[in-house]
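S.K.: Chains as they are written, first to last, in the numbering used here: chain A, 1 to 118; chain B, 1 to 143.
Worth double-checking, as some hints may not be accurate.
[Claimed, not checked] Below, computed lysine-lysine pairings styled on DSBU-like, alpha-carbon distance capped at 30 Å:
#1 A:K87 x B:K131
#2 B:K16 x A:K74
#3 B:K119 x B:K74
#4 B:K95 x B:K131
Since the hints were made in silico from the structure, they are not lab data.
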Amino acid sequence: MLLREAKEILNAEILAGEEYMEREVKAAFSCDLMSDVLAFVDDKVLLLTGLTNLQVIRTAEMLDLSNIVFVRGKKPDDEVCRLAKEKKMVLMGVRHTLFEASGLLYKNGLGAIEIEGE
Amino acid sequence: MAESEKTIKLEYEVGKEEFSKAGLASSNIKKVLNQIGIDAKVVRRVAIAAYESEINIVIHSEGGKITTEISHDKIIVIAHDKGNGIENLEKAMTKGFSTASNEAREMGFGAGMGLPNMKRTSDQFSIESSKGAETRVEMIFNI
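Chain B extracted, bound-state conformation (with noise of 0.2 Å):
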């Protein structure tokens, strides 16, 4: 295989409600790209990403997994949960609005600010979700 073909993979497993754990799947990540050498300002940017993802994970999902592929030229994380979903998309995007817990919020969480940071620090921003059923976030690091 060439050089520029190889990718790592990183998988971690974030729990429903984990909030004493929630960041160390992000904590892991961060440290892997640190150690291969990638740009500190391109890690800081995957890292606010993943940590926000996880965050929302642990708040708002019945629990997910969060997946790190990283390639000679991009890195791609992946924020997939087991559900319920979001009604409205477009609301969630919204700077300030949030349906999160008191709990979540007495973390520091729930200031409607999580999926817009996330598009605010990745180069590609997708999600896909519905009422009901299990959202996906797959974000695009260009480094």
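Isolated chain A, as found in the complex (with noise of 0.2 Å):
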């Protein structure tokens, strides 16, 4: 799914880096916990979190993950969102629930990522 459908599909606002939207994402994974973030997702899919601080932009760094959706219409700081851009990162806000938003992004075609067995 590129990046400019998910926006439609969510009637997002673009925080940062609306210049990439023409960028695919393979999957989603929602959750506000950045450990598992770090232990569960690869590049090419689209993190949606209700946590907007600046180590959710490190923890995307460091997975070279780089499009993000706030849920709950929570926004960022301009500290973070900065940091963003200057990584290259899509940073969108949405006023759905993160089940409302996973839900939509689900039914119109993307999948979640898949977690390898012990």
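Could you use the hints to bring the two separately framed chains together as a complex?
M.R.: Structure follows, in structure tokens:
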């Protein structure tokens, strides 16, 4: 799914990285636990989260993950947006809950990541 | 010195409870590894492990440092803090076990995945610690 399609489905506001909306994401991961994001997520994944602090951007940076949707109407502060822009990331904000935003994307064809077994 | 014997050493201080700076050291390590042309998959594994170490030092310790040594065939990351140690290493290595503060949890950490993540991403992992002592984690990544 292209980011611009995700933006339309979610009726999202672009907070950073407007020039990268033609990027494609292969799957999505919804989570507020950054350690779980670090454990399970690869690049080309759209991260949906309710956390808006600097560590979300740092976590994404380590994973080469470039696309983040903030849910529940939360918006990161300027410093977070600045770092995201520096790292060529796309940040979007939506009013939906994490559940609803995930459901809308899933219904429109964006799948989940695969979790490796033990 | 022969080409294969050259090593690059990076060292970063990590402060206690400096949540806003957490990730800076790992970000720099990642940048250097990319600059010298290390394979992207290896870089990501090192970055994840270094970042989890950095977060652990910020959350759990009295401060410490992260040292990275890059040689022709491997990358060694050492996270060494000033204490106060881990009481039960076996528990600490268990997925989901955490003693993190509320502040750490609000930042998205404290899921009990840090040490398991570090072990998973590295080729060799060792940890030395005891209650009241320093903690030293050494991770080796083959290039």
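S.K.: Now tell me if each hint is right for this structure.
M.R.: Okay, the hints, checked on the actual structure:
Restraint check: the Cα-Cα separation between A:K87 and B:K131 comes to about 39 Å, which exceeds 30 Å; the hinted pair is violated. With a CA separation close to 28 Å, the supplied pair B:K16 and A:K74 stays within the 30 Å bound. Only pairs whose Cα atoms come within 30 Å are accepted, and B:K119 paired with B:K74 is accepted, the gap being roughly 16 Å. Annotation: proposed proximity of B:K95 to B:K131 holds, straight-line Cα distance about 20 Å (limit 30 Å).
Hint compliance for this structure: hint 1 is the single one not met.
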